[in-house]
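K.L.:
Here's the letter readout for the chains.
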Amino acid sequence: MMKKISVSTLALLMLLGCAQKTPDVSGNILDTNKIGSDTISIDESGIVEDGSGINYNSSSDGFVSVYFDFDGYNIASSMESRVRHNARKLQSLGSRQVKLEGNCDEFGTDEYNYALGLKRAKAVKDALADQGVNTSNIVLVSFGESSPVCSDPTDACYAQNRRVDLRLVR
Amino acid sequence: MRRLLLLWTLWFTTNLLAVDATLKIEKNVEQRARIALIDSSSEHHEKFFDILLSDLKISGHFLADGNVYKGSFSDGFIDPKLKNRDYLLKYNLQLGSGVRLYIRLLRGADGTELFKKSYSIPDIAKMPFVAHKAISDMNAYLKYPDISWLNRYVVFARYTGKQASEIVLADYTFNYQKTMIRGGLNLFPKWADSNQRTLYYTSYNGVLPTLYKIDIYTGNKSKIISSEGMLVCSDVSKDYSKLLLTMAPHGHADIYELDLSTGSKKRVTNFHGIDVNGKYVDNEKRMVFISNRLGYANVFSKAIDAPGVSPVVYHGRNNSACDTHESKIVYSSRESASSFGSNTFNLYLTSSRGGDTRPLTTTGSNQFPRFSQDGSVVLYIKQSSHGSAIGYINLASAQSLLFPISINTIQSIDW
Chain A
1 MMKKISVSTL
11 ALLMLLGCAQ
21 KTPDVSGNIL
31 DTNKIGSDTI
41 SIDESGIVED
51 GSGINYNSSS
61 DGFVSVYFDF
71 DGYNIASSME
81 SRVRHNARKL
91 QSLGSRQVKL
101 EGNCDEFGTD
111 EYNYALGLKR
121 AKAVKDALAD
131 QGVNTSNIVL
141 VSFGESSPVC
151 SDPTDACYAQ
161 NRRVDLRLVR
Chain B
1 MRRLLLLWTL
11 WFTTNLLAVD
21 ATLKIEKNVE
31 QRARIALIDS
41 SSEHHEKFFD
51 ILLSDLKISG
61 HFLADGNVYK
71 GSFSDGFIDP
81 KLKNRDYLLK
91 YNLQLGSGVR
101 LYIRLLRGAD
111 GTELFKKSYS
121 IPDIAKMPFV
131 AHKAISDMNA
141 YLKYPDISWL
151 NRYVVFARYT
161 GKQASEIVLA
171 DYTFNYQKTM
181 IRGGLNLFPK
191 WADSNQRTLY
201 YTSYNGVLPT
211 LYKIDIYTGN
221 KSKIISSEGM
231 LVCSDVSKDY
241 SKLLLTMAPH
251 GHADIYELDL
261 STGSKKRVTN
271 FHGIDVNGKY
281 VDNEKRMVFI
291 SNRLGYANVF
301 SKAIDAPGVS
311 PVVYHGRNNS
321 ACDTHESKIV
331 YSSRESASSF
341 GSNTFNLYLT
351 SSRGGDTRPL
361 TTTGSNQFPR
371 FSQDGSVVLY
381 IKQSSHGSAI
391 GYINLASAQS
401 LLFPISINTI
411 QSIDW
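For the record, the sequence lines run as chains A and B.
Mapping of the first sequence onto this note's numbering: position 126 corresponds to residue 126, and the numbering continues sequentially without gaps.
Mapping of the second sequence onto this note's numbering: position 275 corresponds to residue 275, and the numbering continues sequentially without gaps.
No lab work stands behind these hints, which were simulated from the structure alone.
Keep in mind that a hint or two might mislead.
[Said to hold, decoys possible] DSS-like mimics (lysine-lysine), calculated; alpha carbons at most 30 Å apart, straight line:
1. B/162 - B/116
2. B/133 - B/223
3. B/143 - B/213
4. A/125 - B/266
5. A/99 - B/133
6. B/285 - A/99
[To be verified] Just a sample of chain A residues kept apart from chain B, beta carbon distances all over 10 Å, derived:
7. 61
8. 78
9. 115
10. 146
11. 147
12. 148
Where is the CB? At the ideal position from N, CA and C, for every residue including glycine.
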């Protein structure tokens, strides 16, 4: 009897062994498709999460850029947290000179666009003054449309160019 | 390849001109002198021939025959089929170590020689200027109104990258181009003397924008003034002694007049918005300028020494650039509502003394209007679905010309 069981077990194991040599791979093919695309790659060094809904930044030295509506130079309420961040940063720098660079999208003509960029820089300077910042060390300059950070023909891209960048004067 | 380029150029120009031509008040063609070009050069130079034709056309004084005729330079034989032309211009172009050009102007009816001249310059790249000089000399001999603006340099700034630009010299057709100032951000070139030997430009390479004057032959450079925010030399007085500047020492752009002989500076506008682009009118007692004081960019005028401001233009919601010559004003007006993407900008001609406003263009984006030195022609940059072009409109004859250019990033231009 023991001998019969051993033979049957051996035969079953052999059958199972055969099954393992020719697996049903249909499920695996589906899995392969799921992981087939390349994984994402993110550079978070420039990302700012401040509740403004905008998570990009082209300022440097710990400052964050302030963004504007088309043809506008009023500071939107969504940008107030960014202004407060910059005010805190400026107050921590003491007497270091800081440059506010006004920028525009490409939809404007020569002089007018530079003046619009300047009004944006002035609006940020005034907002910083309202936060109690001593603005005597702030220098304004407008780069008009000469300094785009994005050149795709999309509204989202143009919005990134309507900005004021802040950086230390070196 | 060259033939393809020529065909494309012709197609491009014809397409665009066909559209703007709807506005033409054509000068009676019979008032223009019929002229044919007879090439006696050993090799026909197509580009040179095209430049001669362009010069003749934009002059407004000649009805040029576009056919190429070959013939001897020195003899007086006139092909019978050309005898009904008023004039025949025979020319011989030699390109070697330089450019040499000989021209003879003959009367079409009997072959009488009216005028002859020769030209020689060492720099082959400047060949277009030889063509312009020959045509303007011939025009002067015939005592037609002056067209010496053909010989002037156009200077423009173009972006080459982020915060990078070049200042470039060109002939009016853009066949000649030479980069004069490169490196950094140098913008808003403006001629500083009548002979085009010196020009003003703004350097953005330091902490503050700075206006320089540079001699384009020696490179000698002098600092004129600096300003926080922005600084542009918008206009120069007729005697080149005063400048209208856009400056921002108080954080917003206002217009100032700088007296170069005394160094004194006068604030002409005082507005907490945008005032830019000041241009002298009416014997320099007044100026027109662009301001957003009504909530959008528009053209205004005011006396240099009095506070009152009045609008010049009563249509459009974005009139953001203008130029003047004496009482004439040309401005660009945005005529489509799209905030983004391609918009229609058209040019209009009006006067500081009131009167009619006349459209100069009808399609595409037409910007950067600039009068010629004598105010007879308007230069502009046209962008359309066909590409970019530099355009010219002769205001007296309503002749217009477009030269395709591959530059999409012109920042400012002066002539």
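K.L.:
Are residue 99 of chain A and residue 133 of chain B close enough, with their CA atoms no more than 30 Å apart?
P.N.:
Roughly 49 Å separates the two Cα atoms, so the pair is violated.
K.L.:
Taking the shortest Cβ-to-Cβ distance between residue 115 of chain A and chain B, state whether it exceeds 10 Å.
P.N.:
Violated: least Cβ distance 4 Å, not greater than 10 Å.
K.L.:
Holds or violated: residue 125 of chain A and residue 266 of chain B, Cα atoms, limit 30 Å.
P.N.:
holds (26 Å)
K.L.:
Against the 30 Å threshold, does the CA-CA distance of residue 143 of chain B and residue 213 of chain B hold or violate the hint?
P.N.:
violated (36 Å)
K.L.:
Are all C-beta atoms of chain B more than 10 Å from that of residue 147 of chain A?
P.N.:
The assertion about residue 147 of chain A is violated, with a minimum of 5 Å to chain B.
K.L.:
Since residue 148 of chain A was said not to touch the interface, does its Cβ keep a gap of more than 10 Å from each Cβ of chain B?
P.N.:
violated (7 Å)
K.L.:
Measure nothing beyond the straight line between the CA atoms of residue 133 of chain B and residue 223 of chain B; if it is 30 Å or shorter, mark the hint as holding.
P.N.:
violated (34 Å)
K.L.:
At 10 Å, judged by beta carbons, does residue 61 of chain A keep clear of chain B as stated?
P.N.:
holds (15 Å)
K.L.:
Taking 10 Å as the cut and beta carbons as the points, is residue 78 of chain A off the interface with chain B?
P.N.:
Given a closest Cβ separation of 19 Å, the condition holds.
K.L.:
If you draw a straight line from the CA of residue 162 of chain B to the CA of residue 116 of chain B, is it 30 Å or shorter?
P.N.:
Distance ~51 Å between residue 162 of chain B and residue 116 of chain B Cα, so the pair is violated.
K.L.:
Taking C-beta pairs only, is residue 146 of chain A more than 10 Å away from all of chain B?
P.N.:
violated (6 Å)
K.L.:
Is the hinted pair residue 285 of chain B and residue 99 of chain A satisfied, with a Cα-Cα distance of at most 30 Å?
P.N.:
Between residue 285 of chain B and residue 99 of chain A the Cα gap is close to 38 Å, so the pair fails against 30 Å, i.e. violated.
When the structure is compared with the earlier hints, violations turn up for hints 1, 2, 3, 5, 6, 9, 10, 11 and 12 and for no others.
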